[in-house]
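Listed below are the residues making up each chain.
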Amino acid sequence: AQSVAQPEDQVNVAEGNPLTVKCTYSVSGNPYLFWYVQYPNRGLQFLLKYITGDNLVKGSYGFEAEFNKSQTSFHLKKPSALVSDSALYFCAVRGLTQSKLTFGTGTRLQVTL
Amino acid sequence: DVKVTQSSRYLVKRTGEKVFLECVQDMDHENMFWYRQDPGLGLRLIYFSYDVKMKEKGDIPEGYSVSREKKERFSLILESASTNQTSMYLCASGNSGGSYNEQFFGPGTRLTVL
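Protein chains in written order, with the numbering used here: chain A, 1 to 113; chain S, 114 to 227.
Hint data in this document are derived by calculation from the structure and do not stem from the laboratory. Certain hints may be false.
Subject to a maximum C-alpha distance of 30 Å in a straight line, what follows is the list of computed BS3-like cross-link-like pairs (lysine-lysine) [unchecked claim]:
| hint | chain 1 | residue 1 | chain 2 | residue 2 |
| --- | --- | --- | --- | --- |
| 1 | S | K170 | S | K126 |
| 2 | S | K131 | A | K100 |
| 3 | A | K58 | A | K77 |
| 4 | A | K77 | S | K168 |
| 5 | S | K184 | S | K116 |
| 6 | S | K170 | S | K184 |
| 7 | A | K100 | A | K69 |
| 8 | S | K183 | A | K58 |
| 9 | S | K131 | A | K49 |
| 10 | A | K58 | S | K116 |
| 11 | A | K58 | A | K69 |
| 12 | A | K49 | S | K184 |
| 13 | A | K77 | A | K22 |
| 14 | S | K183 | S | K131 |
| 15 | S | K183 | S | K166 |
| 16 | A | K49 | A | K77 |
| 17 | S | K184 | A | K77 |
| 18 | A | K69 | A | K22 |
| 19 | A | K100 | A | K77 |
| 20 | A | K22 | A | K49 |
| 21 | A | K49 | A | K69 |
| 22 | S | K131 | S | K116 |
| 23 | S | K170 | S | K183 |
| 24 | S | K184 | A | K69 |
| 25 | A | K100 | A | K22 |
| 26 | S | K126 | S | K184 |
| 27 | A | K77 | S | K116 |
| 28 | S | K168 | S | K126 |
| 29 | S | K183 | A | K77 |
| 30 | A | K22 | A | K58 |
| 31 | S | K116 | S | K126 |
| 32 | S | K168 | S | K183 |
| 33 | S | K116 | S | K168 |
| 34 | S | K184 | S | K166 |
| 35 | A | K49 | S | K126 |
| 36 | A | K100 | A | K58 |
| 37 | S | K131 | A | K58 |
| 38 | S | K126 | A | K22 |
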């Protein structure tokens, strides 16, 4: 079985500071890893994904994520947070032989002035 | 841009009613999915479909059924709505051809069952 853990329900950051949203996963074999963002009253939007290759993946809106195989983590990062980044962020994993995507419980990011 | 639309943004139904939620995508995607989103539980897969007239159960199919008569349309049916089905329902679509393809989501339908 595959699973995702997002250990923080909420992350608070001041605008201009770096942000990290944590994600760890469990899957048999190599993982495919995704980050999605959900703004209020909207569906989920794809941010970035790791398939293979470089462990640092760059995505939309200046976000990036680092794949760490030994720690089974895929943390989302941004060097300088914006108030407009405030939203709900979901990490998701899919194993090579799995037909389904498994989502974490979500982390609410609150960026304040 | 991929567009996934859902028939209603908000829906209020009574216990025991039959409820239809419809989803349409315009990118000729083979795969379509229905999730429900609940606070603290994240997204949970109800059903998915890899082709017309094909369906597979997700993690929480009980109390739900689906229909896919055309490639672009995937319907979720609550045969007899219950209060514990009050939730946000999200439809998604995606290409086949690999586990690495991302999914594209509709805006969601917030269903309240009274």
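These are the hints, each one checked on the structure:
1. For the hint linking K170 (chain S) to K126 (chain S), the alpha-carbon distance of about 24 Å falls within 30 Å, and the restraint holds.
2. Note on K131 (chain S) and K100 (chain A): the hinted pairing holds, with a Cα-Cα distance of about 27 Å set against a maximum of 30 Å.
3. Restraint check: the Cα-Cα separation between K58 (chain A) and K77 (chain A) comes to about 10 Å, which is no more than 30 Å; the hinted pair holds.
4. For the hint pairing K77 (chain A) with K168 (chain S), the CA-to-CA distance comes to about 37 Å; that exceeds 30 Å, so the pair is violated.
5. Taking the CA atoms of K184 (chain S) and K116 (chain S), the gap is near 14 Å; set against the 30 Å cutoff, the hint holds.
6. A distance of roughly 18 Å separates the Cα atoms of K170 (chain S) and K184 (chain S); the hinted pair therefore holds under the 30 Å criterion.
7. Between the alpha carbons of K100 (chain A) and K69 (chain A) the distance comes to roughly 21 Å, so the proposed pair stays at or under 30 Å and holds.
8. For the hint linking K183 (chain S) to K58 (chain A), the alpha-carbon distance of about 36 Å lies beyond 30 Å, and the restraint is violated.
9. Our distance criterion of 30 Å between C-alpha atoms is broken by K131 (chain S) and K49 (chain A), whose separation comes to about 38 Å.
10. Between K58 (chain A) and K116 (chain S), the direct Cα distance comes to roughly 24 Å. Compliance with the 30 Å bound is thereby established for this hinted pair.
11. Note on K58 (chain A) and K69 (chain A): the hinted pairing holds, with a Cα-Cα distance of about 17 Å set against a maximum of 30 Å.
12. Of the pairs offered as hints, the one joining K49 (chain A) and K184 (chain S) holds, with about 26 Å between alpha carbons and a cut-off of 30 Å not exceeded.
13. Our distance criterion of 30 Å between C-alpha atoms is met by K77 (chain A) and K22 (chain A), whose separation comes to about 9 Å.
14. Taking the CA atoms of K183 (chain S) and K131 (chain S), the gap is about 21 Å. The hint holds against a cut of 30 Å.
15. The hinted pair formed by K183 (chain S) and K166 (chain S) meets the criterion: a straight-line CA distance of about 8 Å does not exceed 30 Å.
16. Simply put, K49 (chain A) and K77 (chain A) have alpha-carbon atoms about 13 Å apart, close enough for the 30 Å limit, and the pair holds.
17. Our distance criterion of 30 Å between C-alpha atoms is broken by K184 (chain S) and K77 (chain A), whose separation comes to about 37 Å.
18. Taken as a hint, the K69 (chain A) and K22 (chain A) pair is honoured in the structure, with Cα atoms around 14 Å apart against an allowance of 30 Å.
19. With a C-alpha separation of about 25 Å, the suggested pair K100 (chain A) and K77 (chain A) falls inside the 30 Å cut-off, and the hint holds.
20. For a cut-off of 30 Å, the pair hint linking K22 (chain A) to K49 (chain A) stands: about 15 Å separates their Cα positions.
21. A hinted pair counts as satisfied when its Cα atoms are at most 30 Å apart, and K49 (chain A) with K69 (chain A) qualifies at roughly 15 Å.
22. Restraint check: the Cα-Cα separation between K131 (chain S) and K116 (chain S) comes to about 27 Å, which is no more than 30 Å; the hinted pair holds.
23. Simply put, K170 (chain S) and K183 (chain S) have alpha-carbon atoms about 19 Å apart, close enough for the 30 Å limit, and the pair holds.
24. Taking the CA atoms of K184 (chain S) and K69 (chain A), the gap is about 37 Å. The hint is violated against a cut of 30 Å.
25. With a C-alpha separation of about 22 Å, the suggested pairing of K100 (chain A) with K22 (chain A) holds against the 30 Å cut-off.
26. Taking the CA atoms of K126 (chain S) and K184 (chain S), the gap is near 28 Å; set against the 30 Å cutoff, the hint holds.
27. Restraint check: the Cα-Cα separation between K77 (chain A) and K116 (chain S) comes to about 28 Å, which is no more than 30 Å; the hinted pair holds.
28. For the hint linking K168 (chain S) to K126 (chain S), the alpha-carbon distance of about 26 Å falls within 30 Å, and the restraint holds.
29. A hinted pair counts as satisfied when its Cα atoms are at most 30 Å apart, and K183 (chain S) with K77 (chain A) does not qualify at roughly 40 Å.
30. Note on K22 (chain A) and K58 (chain A): the hinted pairing holds, with a Cα-Cα distance of about 16 Å set against a maximum of 30 Å.
31. Distance check on the hinted pair: K116 (chain S) and K126 (chain S) sit about 27 Å apart at the alpha-carbon level, within 30 Å; holds.
32. Between K168 (chain S) and K183 (chain S), the direct Cα distance comes to roughly 13 Å. Compliance with the 30 Å bound is thereby established for this hinted pair.
33. Taking the CA atoms of K116 (chain S) and K168 (chain S), the gap is about 22 Å. The hint holds against a cut of 30 Å.
34. A threshold of 30 Å between alpha carbons decides the hint, and for K184 (chain S) with K166 (chain S) the separation of about 9 Å falls inside it, so the pair holds.
35. A hinted pair counts as satisfied when its Cα atoms are at most 30 Å apart, and K49 (chain A) with K126 (chain S) does not qualify at roughly 38 Å.
36. Proximity of K100 (chain A) to K58 (chain A) is assessed by CA-CA distance (about 24 Å); at most 30 Å being required, the pair is judged to hold.
37. The suggested pairing of K131 (chain S) with K58 (chain A) is violated, with an alpha-carbon distance near 44 Å, which exceeds 30 Å.
38. A hinted pair counts as satisfied when its Cα atoms are at most 30 Å apart, and K126 (chain S) with K22 (chain A) does not qualify at roughly 38 Å.
Hints 4, 8, 9, 17, 24, 29, 35, 37, 38, counting from the list given before, are not met by this structure.
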